[in-house]
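Colleague: Single-letter residue listing:
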Amino acid sequence: MTYNFTVSPDFNPGHISGWFIFNTWLQRAINEEIHLELYNSAHEQRKAIADDQVELIYANPYDATALVRDKGFIPVAQAGNKTDEAIIAVNQESPILNIEQLSGGTRISSTDDPDVRMMCMIMLEPAGLNKSNTITTQRDAYILIAKDLLKNDADIGFFLEETYSELSEMTRKQLRPIVRSQIHVIHHLLLVGPQLAHKKDKIQSSLLSMADDSKGAGVLKSLDFERWVAVEQEEAEFMIDLMDTLAE
Amino acid sequence: MKNMTPDDIPGEYQEHMFNYHDGTQRKVLFTNIETQLPEGRLIVSRTDLNGLITDVNPSFIEMSAYHKDELIGQPHYILRHPEMPSAAFNDLWSTVKQRSKWHGYVKNLRKDGGFYWVYATVIANIRNGAITGFTSVRRRASRTKIDESETLYQTL
Ligand SMILES: Cc1cc2nc3c(=O)[nH]c(=O)nc-3n(C[C@H](O)[C@H](O)[C@H](O)COP(=O)(O)O)c2cc1C
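Heads up: the protein sequence lines correspond to chains A and B, in order.
Each residue of the first sequence is one higher than the last, beginning at 844 in this note's numbering.
Each residue of the second sequence is one higher than the last, beginning at -16 in this note's numbering.
Same shape as in the complex, but just chain A (with noise of 0.2 Å):
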């Protein structure tokens, strides 16, 4: 039987093939064929988990809460660098320093990576913002909310950190972060589905010791990843219990 993959699609495009020599590096380790497939938006990642046809994946937070609570997914690792945290930027030369400058009508620049528009309209309400009376225009890719903001067609636009770090140096130049934020708990999964359970002891301890041999140092490399740590069951219930405070 062949399993199948996918990464939820908030990820850094330079990082697609990153996931495929991990994928390539996976099937060797746990002697199982996989096929990765990468989907282009939330919306048809969704489709497929809803239609069964994902047995493995690195969620975000917010899908994960759905694989483990409603599909029975189980955790089995996570980034050991990597949190999710969010920023709000403006333009350098905008007039706003800081969240409760801003005011009704703001112009928001967001892509629908759920996690991160969860975190930044949090971020908002010191302000009294919410949905109600904010505009917000949404893109595809992170880069889109940047143009949006060096345009002026947006006032401030949402970002992961990290995709906000791995803009350029030029378009970080003409961009000022005013509130960055400091969650650490809330981190992307890696689950495996009812279907590949009975190789979730295998896959963690091929996680696991990936670091320790050249080849799978440099798999690590090629994602950015410092190494994999275990995440325990409890561990993700707690996260998942997090996010479901934080929901609407």
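Everything labelled a hint here was simulated from the structure, so no lab data went into it.
Nothing here was measured: the structure is a model prediction, and the numbers come from that model.
We put the beta carbon where it would ideally sit given N, CA and C, even for glycine.
Please note that a few of the clues may not be correct.
[Stated by the list, open to error] BS3-like, lysine-lysine: derived pairs with alpha carbons at most 30 Å apart:
id, chain 1, residue 1, chain 2, residue 2
1, A, K990, A, K974
2, B, K84, A, K974
3, B, K84, A, K914
4, B, K51, A, K890
5, B, K80, A, K914
6, A, K974, B, K128
7, A, K1058, A, K1045
[Said to hold, decoys possible] Partial list, derived from the structure: chain B residues whose beta carbon lies under 10 Å from chain A:
id, residue
8, G23
9, N40
10, K80
11, A107
12, N108
13, S119
Using the hints provided, position chain B with the ligand relative to the given structure of chain A.
Modeller: Chain B with the ligand only, in chain A's frame:
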């Protein structure tokens, strides 16, 4: 729980004697000094079924001004402020015990007698169908909502 002592309080303070739901009493001292939760942060804690603190994050520790070992194992009312109506907490407990999410604006008391306002959410932790404890996440609240809550709480 030990009474609060003037040694921990900078400047002038008022006193209040609490009778907590578990029958214990404690004298608290409180001032008018407000601390603001910095933007972008969340305060997280977990309790057991009886509201004893089992876990706190660094923002919780910083905002409460207690040390971690002064918090773990203590009842969550260690943060209760005299200006918070008990009706709010009765509502909190009955809501989460029914497995629903509770939201509210809360004024909390710090170890140094100061206070901080947050918008808090509390949920039950459900594992294999049973409630095993509770999680609360608090975030920075807007000044308008704080002012509204202050007025409302004076009437309760
Ligand atoms: C997860 C959780 C978090 C809580 N957080 C607070 C808090 O931050 N401040 C507070 O005064 N009470 C909090 N409470 C409520 C307290 O348990 C308690 O009901 C309240 O302080 C009133 O005290 P009393 O019921 O003993 O009079 C929390 C309860 C739970 C379950």
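Colleague: Hint by hint, where does the structure go against what was stated? Just the numbers, ascending.
Modeller: Checked against the structure, the hints that fail are numbers 4, 10, while the rest are satisfied.
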